[in-house]
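Chemist: For what it's worth, our numbering labels the leading residue of the sequence shown as 822, then goes sequentially.
Be aware that a few hints might be false.
Keeping only pairs whose Cα atoms sit at most 30 angstroms apart, straight-line, the calculated DSBU-like set for lysine-lysine is [said to hold, decoys possible]:
#	residue 1	residue 2
1	K1081	K1017
2	K878	K847
3	K878	K1020
4	K878	K982
5	K878	K1017
6	K1081	K1020
7	K953	K982
Think of the hints as simulated: they come from the structure by calculation, not from any bench.
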Amino acid sequence: MTEISKIVVASVALGSMIAVPAMAEKARELTFINGSLGRDAEYQLRDRGFTHVSTHKQSNGYVYSYWWDSADDDCVNVEVYDGRVMTINDASDQDCGHHKGSDAAAAVGVVAGAAILGAILGHKSHHHEDGKHYDDRDTDRQFERGHTDGLYHHPFHNPDKSQAYVDGYHAGVDERRANAEHHYGRGGHAQVARFKDLKDARAAGGMSELERRGFRQVDNFTSGNTRYSIQWRAQSNQCVQVTIADGRFYDLRDIGRHPKCR
822 MTEISKIVVA SVALGSMIAV PAMAEKAREL TFINGSLGRD AEYQLRDRGF
872 THVSTHKQSN GYVYSYWWDS ADDDCVNVEV YDGRVMTIND ASDQDCGHHK
922 GSDAAAAVGV VAGAAILGAI LGHKSHHHED GKHYDDRDTD RQFERGHTDG
972 LYHHPFHNPD KSQAYVDGYH AGVDERRANA EHHYGRGGHA QVARFKDLKD
1022 ARAAGGMSEL ERRGFRQVDN FTSGNTRYSI QWRAQSNQCV QVTIADGRFY
1072 DLRDIGRHPK CR
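Take the sequences, apply the hints, and build the full model.
Modeler: Structure below.
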């Protein structure tokens, strides 16, 4: 074997010994979970090394969850509607509470002693209308401040007249409402009748069930192809408006007062 051949062989052998880092499993390689039930998708993600970071509801029924693969420094966002995965997308490290390089150092400098960097910027990509964080960090912080105020029902306070704060506040309010969708808006120990679980019920069966729960119809009217029924339950002072479309309960909400709710 010539000297050149020996060098080539040695080079190949040495190259084969060098560890090649595993490529991060991006969202495009995980699209097979689209259409699957949320619990099945969760199993698939965990099986591939992802850890759940957070879940966020929206008032339109969509649920967004963020997953982090520490081995590959990879963050993905799973969009679920009606219990099934609609899409899976790549997300920023920031969405999973991780920052790199100078960004991390800057964040630590802003809030000394923060347990995790994710506590500094808690809102996620999906909270923005275009699904992306602002490139300008100060603008993103304004959005974050608005989101926090809206989420925790703090008064609207925008001394800088920042549009990013306004957008963040609306996003926070929307998430707060979605998180409290189970609540009937009443405090204390008074018993109230359930009705929110009847959403999407067939109109005939839903009306019978409302009657069984102590409601009685006191008014009804139509607008186009939509019908509205006002239901009153004297025992709990509940005045519920039922919106009926395509033969089903499209929406039910306690409107508090109505001339015929008495």
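Chemist: When you check the alpha-carbon spacing of K878 and K982, does it fall within 30 angstroms?
Modeler: Satisfied, since the Cα-Cα distance of roughly 27 angstroms is no more than 30 angstroms.
Chemist: Within 30 angstroms, alpha carbon to alpha carbon, are K953 and K982?
Modeler: 21 angstroms, holds
Chemist: Between the alpha carbons of K878 and K1017, is the straight-line distance 30 angstroms or under?
Modeler: 17 angstroms, holds
Chemist: Does K1081 pair with K1017 here, judged by a C-alpha cut-off of 30 angstroms?
Modeler: Holds, at roughly 21 angstroms.
Chemist: Hinted pair, alpha-carbon criterion (30 angstroms max): K878, K847. Please report holds or violated.
Modeler: 24 angstroms, holds
Chemist: Has the given pair, K1081 with K1020, been kept, meaning a C-alpha gap of at most 30 angstroms?
Modeler: 23 angstroms, holds
Chemist: Given the proposed pairing of K878 with K1020, does the C-alpha separation stay at or below 30 angstroms?
Modeler: Holds, at roughly 17 angstroms.
No hint from the list above goes unmet by this structure.
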